[in-house]
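**Student:** Sequence lines, in order, name chains A and B. Residues in the first sequence are numbered consecutively from 28, following this note's numbering. Residues in the second sequence are numbered consecutively from 28, following this note's numbering.
Think of the hints as simulated: they come from the structure by calculation, not from any bench. Incorrect hints may appear among the rest.
Just so you know, same-sequence chains aren't split out, so a pair can sit in one copy or run between any two.
Stated by the list, open to error - Quick list of in silico lysine to aspartate or glutamate cross-link-like pairs, EDC-like style, CA-CA up to 16 Å:
| no. | residue 1 | residue 2 |
| --- | --- | --- |
| 1 | Lys234 | Asp275 |
| 2 | Lys196 | Glu278 |
| 3 | Lys234 | Glu121 |
| 4 | Lys364 | Glu113 |
| 5 | Lys394 | Asp133 |
| 6 | Lys364 | Glu121 |
| 7 | Lys197 | Glu278 |
| 8 | Lys237 | Asp383 |
| 9 | Lys155 | Glu50 |
| 10 | Lys323 | Glu278 |
| 11 | Lys364 | Asp428 |
| 12 | Lys196 | Asp358 |
2 protein chains.
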Amino acid sequence: MAVNLPLPSNLLPVPGIELGFAEAGIRKANRKDLLVMRLADGATVAGVFTLNRFCAAPVQLCKARSGNKIRALVVNTGNANAGTGEPGLAAARETCVALAALLACDAEQILPFSTGVILELLPVERVKAGLPAAIANLKSDNWQAAAEAIMTTDTQPKAASRTAQIGGKKVTLTGISKGAGMIKPNMATMLGFLATDAGVSQALLEKLVKDAADQSFNCITIDGDTSTNDSFMLIATGASGLQVTSADSPEYATLAAEVLALSQQLAQMIVRDGEGATKFITVTVEQGASVAECRKIAYSIAHSPLVKTAFFASDPNLGRILAAIGYAGVDDLDVGKLDLYLDDVLVAKAGGRNPDYREEDGQRVMKQSEITVRVRLARGTHAATIWTCDLSHDYVSINADYRS
Amino acid sequence: MAVNLPLPSNLLPVPGIELGFAEAGIRKANRKDLLVMRLADGATVAGVFTLNRFCAAPVQLCKARSGNKIRALVVNTGNANAGTGEPGLAAARETCVALAALLACDAEQILPFSTGVILELLPVERVKAGLPAAIANLKSDNWQAAAEAIMTTDTQPKAASRTAQIGGKKVTLTGISKGAGMIKPNMATMLGFLATDAGVSQALLEKLVKDAADQSFNCITIDGDTSTNDSFMLIATGASGLQVTSADSPEYATLAAEVLALSQQLAQMIVRDGEGATKFITVTVEQGASVAECRKIAYSIAHSPLVKTAFFASDPNLGRILAAIGYAGVDDLDVGKLDLYLDDVLVAKAGGRNPDYREEDGQRVMKQSEITVRVRLARGTHAATIWTCDLSHDYVSINADYRS
């Protein structure tokens, strides 16, 4: 069902990182549900996390360990360990203690991640029992299996690699992501991991991950539901020999562009695999007075169930887009100046139906699997783009059946 | 498909108002799609209207005519006359001019209303051609037919009556409403008309309609889509002999309570007939620091597609409610103090799963057709209630097929 989402191929190992997985039976038997990522000494790690006030126990630990010398990340699926109070925090800590003992490091050097059902206690004994198997198969070329091990309602693993020449060194970047529902990341998404063998100082890496998230994972939405577990992690091992030390250097600029390109690719993969998705929709709002108002309008369109079902039906019932623009909360918006395009088709002009608009033209674009909605506000120079998908019968089926 | 929504019965004429309808063929043949409400001399009318920036042409005219001595209201379905620019305004004006000629009044004394598809020009000739038939059958006991004449995707007409003794006079109130999708009124809903034979001055009626809307139509949501045409109108004919002249009088208090009760009944009828609805959900947030934050959290729960599909499935996957509370945007919310009830079942206590909570208890409540979600924030004395419905396959079907 995914929309133009290729299976991962040509995934490149990132020197300085090994990945191991296990079938721990956390919720269901016979599926990869546990992932360990071991980092070489000297790697730096930075992340951005959900702003949901019910942020999960592992997210709370990750935030507290920000800036520590991290040696491993551990991810389980099948249980979000969110809405679990103190027992949930204890379970997350216990997982880290067990892994630290196996890897001969400190528990404070482990970052835990969980994804799955909320409001149920993590079966920590099963997680711990799975760790030795995951460590036994640690390998640098396990990225495909790692992408599979973090899937929940995803229909496909999501992963990609890039290489670049930076400062005379060959630098590799590989990332994985998961998520198909409860997707409207606010700071990050649930879950994304991007590793590079570039070396980046902790302070610089914090900036890099935030900038990349803001233009990638923070620009997607499937259902408007911000998860309790969203996390996007950037890992820099330094094994390539490149050390980036200044945000003003050409090396930083190139690396940031590579990280952003890969982050956007991983974020868009989540939308392409959105629960029940049949269309991939790009919403661009231009000529706004601020980026914030452009984002507000773009999200309003991207979240409207009426707009999303019209896309599912390939029905050019485009007045629904105007309605969503109108209630976006931009109180001084002069709709009399606004233009609406569907790909190259000018649908509404100066706030009303374009006299030259023909329903056949709208119909033609609506039938495509990739569609761009473009809104021109004629009140400034700012713009924003959000990626989303349609709302289909399968979204309802998937979410009415998810736990059973 | 409607949830515990009885067919209208015992609708009472309101002295001072006559209603007439026609089959004007505006979008489809052989269905009532045009309504005229003629008011006796001396009636006052006040309304609240959508805050959608793309507010429809008729809404713009209604706002401009606020406070005029209104003699008639005219409503068409099948076309919203929104997103239609200047030609749309001209069409709405032309409708009023035609009706004014037939009723021997001024066009400025007519309020027009439209509901239906957005971004298509109103076929004004068909509307005008239908007016004589509507006027020919003007009667005071046409409320049932009037409720039918304003339906679009509604599966049932929505109407109710009340009577009260106020200031020694018998006062009658009858109202009709419509709407099943694009429902998250912001000031009012699409469409509600409530008439009484109490006499109320224009200034007092403006207050009365606003107060009633804030606690009725502004407390419901089906899909979070605020329509371009929402209008809630209160008509006071004065034919009962009662004249209410002060907001501090006991007569005003009684009348306001009656108007509110009927408004809530009409608003809840819209939710019960929500597109594809199988459950009627009351979301109450208590012990908040302000009404605004309680409403924010209640709407966040009521709009979450994941929460709504869980209700559809009768699946007590209640962590989704915690997630929706967490991303509602109350930034200083201490989730560690929060309790969550499903009817009388305490699901989450102090931010985590209640140790005594048993899934069977949640399951029992989720299977009901009427469910109350109660959230206690433990941070203040304010509260808010929102009424909503679930998200089912039929919602997608209805909105994927609406225009065809």
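**Student:** Confirm or reject each hint.
**Tutor:** Status of each hint after checking the structure:
1. Lys234 / Asp275: within (12 Å within a copy, 60 Å between copies)
2. Lys196 / Glu278: within (10 Å within a copy, 84 Å between copies)
3. Lys234 / Glu121: This pair counts as neither: shortest intra-copy Cα distance 31 Å, inter-copy 60 Å.
4. Lys364 / Glu113: between (54 Å within a copy, 13 Å between copies)
5. Lys394 / Asp133: Neither. Shortest intra-copy (55 Å) and inter-copy (48 Å) distances fail the 16 Å Cα cut-off.
6. Lys364 / Glu121: Neither: 59 Å inside a chain and 24 Å across chains, both beyond 16 Å.
7. Lys197 / Glu278: Within one copy only: 12 Å inside a chain, 83 Å across chains, cut-off 16 Å.
8. Lys237 / Asp383: neither (44 Å within a copy, 41 Å between copies)
9. Lys155 / Glu50: Classified as within: same-chain Cα gap 12 Å, cross-chain 71 Å, threshold 16 Å.
10. Lys323 / Glu278: For lysine 323 and glutamate 278, neither the intra-copy (34 Å) nor the inter-copy (45 Å) Cα distance is at most 16 Å.
11. Lys364 / Asp428: neither (45 Å within a copy, 31 Å between copies)
12. Lys196 / Asp358: neither (51 Å within a copy, 44 Å between copies)
In summary, the structure is inconsistent with hints 3, 5, 6, 8, 10, 11 and 12 from the numbered list given earlier, while agreeing with the others.
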